[in-house]
Structure formats: structure tokens, C-alpha cells
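Input sequences plus hints: build the corresponding full structure.
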Amino acid sequence: MTLRNRRSAYGALMDAVVVTPELEQRLLEAVTRRANRRPAVPAWRWLRLAALASAVCCVVLMVWSSYGVPPVTTTPPAVVQGGYGPVVYDDLQALTAVLSYPLRIPAALPEGYELSLVQSLPGELAELRWSDGTDTLCYRMAPGAGDISGDYNAYEAEWTQTVGAVPVDCRGDGGRIAAAVWSAEGFSYSVTSDAGLTPEALAALVESVGPV
Amino acid sequence: MEQLLRRGPSGPLARLRALLAGEAGAEPACLQPDGARALRRHGDAVLRLACAYLHQRAEAEDVLQDALLQYLQKAPAFADEAHERAWLLRVAANLCKNRLSYWRRHPQEELSELLPGREEPQLAAVWDAVGALPARYRGVVHLYYYEGYSTVEIARLLGKKEATIRSLLTRARARLRELLKEGYDFEE
Chain Y
803 MTLRNRRSAY GALMDAVVVT PELEQRLLEA VTRRANRRPA VPAWRWLRLA
853 ALASAVCCVV LMVWSSYGVP PVTTTPPAVV QGGYGPVVYD DLQALTAVLS
903 YPLRIPAALP EGYELSLVQS LPGELAELRW SDGTDTLCYR MAPGAGDISG
953 DYNAYEAEWT QTVGAVPVDC RGDGGRIAAA VWSAEGFSYS VTSDAGLTPE
1003 ALAALVESVG PV
Chain P
7 MEQLLRRGPS GPLARLRALL AGEAGAEPAC LQPDGARALR RHGDAVLRLA
57 CAYLHQRAEA EDVLQDALLQ YLQKAPAFAD EAHERAWLLR VAANLCKNRL
107 SYWRRHPQEE LSELLPGREE PQLAAVWDAV GALPARYRGV VHLYYYEGYS
157 TVEIARLLGK KEATIRSLLT RARARLRELL KEGYDFEE
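Protein sequence lines correspond, in order, to chains Y and P. Every letter in the first sequence is one number past the one before it in the numbering used here, and letter 162, counting from 1, is 964. Every letter in the second sequence is one number past the one before it in the numbering used here, and letter 62, counting from 1, is 68.
Hints are computed from structural coordinates only; laboratory data are not their basis. From the three backbone atoms N, C-alpha and C, an ideal C-beta is built for every residue, glycine too. Treat the hints with care, as some may be off.
[Stated by the list, open to error] Label pairs and their in silico Cβ distance ranges: (1) P/Arg96 with Y/Val858: 32 to 42 Å; (2) P/Ala180 with Y/Val858: 55 to 65 Å; (3) P/Arg96 with Y/Arg828: 49 to 59 Å.
Take a look at the structure:
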């Protein structure tokens, strides 16, 4: 007699394990009740939902920022306007290439001055500096009218000097011109000098302003 | 109650296929899940397998209830009654393994619950011997010796290799032979 043919002791034990009518009724009622119950969402599923929501938020933010914020570039902007600081160029050609207007610069400078800096400032303001080792001459040009010299020092005297038909507002001490400002043909110009310019040197400079 | 436990057709695709095959309104060929019918047909087998694994009647009844619930919520349409039985036994086996795993982490107080007929000394000895086997042996022994499944079928049902099942059976027989001695009556 073997267990394989179900007449063994183990078979006899297991034959006695049956689902009684009472158990069947109880099981069906319990299962019906549980099947109709709204399943509770386990904690791990909430965590997974939270992680998924976080990932979606990150993706949305990344997409939004890529469309909503201007891209950061390493090269200087093609147009100077809208920049947030001075942009230095290697030479005059580089500056003129990015300006939206034709740059005019002085040709007649006091002797011994050499070009030391070429840069632009917000508002398409072009600035050139020459130096002779001790003094620095700063020339600026920008569209519009007004004082673009950036020199807010107080000087002993302020006067207007006419160069050709152009009135030039001058400021300085001891008859030397520390800052001069003038306008012509829709553009503003200014010249500042640490050591100060003579009226003759200023007149020569203003008269020599022309295309690059 | 039976109406509540009966599920509808397995899905829109199955219904569409039946419609295209001109079987509209006809009873589908496959066996649709029906909780009450499944309990009547396979309840005893599921309860016995759970008893074999867990050796506790109350826990086995809970497993039967859980298996029935899964049957109602997840069971596919079955090819035939044997397929339905095998599906339920597999679910029950997995539920039992989950409980055993939980018990290993959270040790339970041993329950001295008696099965019917266990009062006889010979039956009690066999029950204790089988109960002394590791749980993975008990399930295989039950499915092979009581349910009459082949090792291939058990392997498919439990998701294991046939060689593993054969190995488990061999070891289980050796342990039972050792424990039961002359009372050993397991066919080789």
C-alpha cells in the first residue's frame, strides 16, 4: 500500500481535509466582501507615485527653462545692446563688426598715444582708449544725445567750445579739458583725459572724427 | 452570491474574436472564472496543498480565501478544468511560500491544531514526519503523491526545473524513510 495510490496514511489524512458547506459559505461571503472593497493603495505605491511626479516636474522644468530662458553662449552677442557689461574686442574691426551703426573715431590724437583698449558697453556704446604711458584718453560714441562720458567729477569750470559748427561742452581745471561732450547727426560723443587736453588738441581731435 | 463571484468575458478582444467567428451570444469555448464553481471543484485540493505547506488548518483556510480572491481579480480564461486547477494550486503555493517567508522573519507560536483523523497514532506519526520536512519538500511531496502530478507538471506548476523537483522528492523520501522507518509507505 503506497501513498501514490492515495490509500496511505498521508492520503487518509489529506482525504479528511475538505471544504465543508459551512466553510464554503464563509469563504464566499468573505471573498465577496473583500472583492467589493476598494483596494487600499500600499505605501510603496504612494512612494512610487511621488517619485514619478517628481521626475515629471523635473522634466517639465527642464523643458520650460530650455524654452523660456535665453540660452547661455560663450561667444559675444552679435549686437551689443542688451549685454550686461563691457565686452572687450581684440581690435577695431571686431568692434565695428558687431555695432549696428558705422563707428567714427578721431584720427588726430596728441602725440605719443597708442590704442590700448577697444570695448563696447550696454546701449551700443563704443569706447576706445589710448594711452601714452602716463595719461589715458577715453573716447566714446553712441546713438542718441546726452552726456555719455561717464565722468561725474566736479571741475572748476564748465564751458562750451565750438569746433567748426559743433558746440562742445567742456569741463576741466586750469584751462585744461578733462571731459568734453558733443552731439552730431544723431550720435553722442565724449572724450575724457586724466591729464586734460588743451583746447587746440580737443579741437583737432573733434574735427578729425571720421569713419574707421 | 454566485452571480457576484462570476466574471464576465475575458476582454473586448476575446469578445470581438468570438463575434468575428460567428459565435455572438454563444457561450465561449474557454472556461470563464467563476468563484463558487472553482471553490466547489478545486477548494479541497487548494486547502490540502495549503495544509501540506503550512501544517495549520486555519492558515490554510486563509490561503484558500486569498487564492479565491486572486482568482476573482486576476484569473484568466482557462482552457479547461485542469488548467484552472493548476492555476489555483500555483497561486496557493505562492501564497503559502509568502507566509512561510513571513514566519521566518516573524516567528510564530506553534499551534497544536489537529487535522481530522490525526488522533490515530499511525496517522499522527506520518503527519508529524511530513511536517518535519522543509516546506519546499512538503509541497512537492503533496503534489506528487497526493495530487498525482508528474515531476514535469510540478516543475511547470511551481516554476522550477524538473531536475530540482526530482532532487527535492529524493531528499524528501530519504528524510521520510529515516523518520518513519517501517511505517514508510511512499512509492519510489
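query: Looking back at the numbered hints, which does the structure fail to meet, lowest number first?
result: 3
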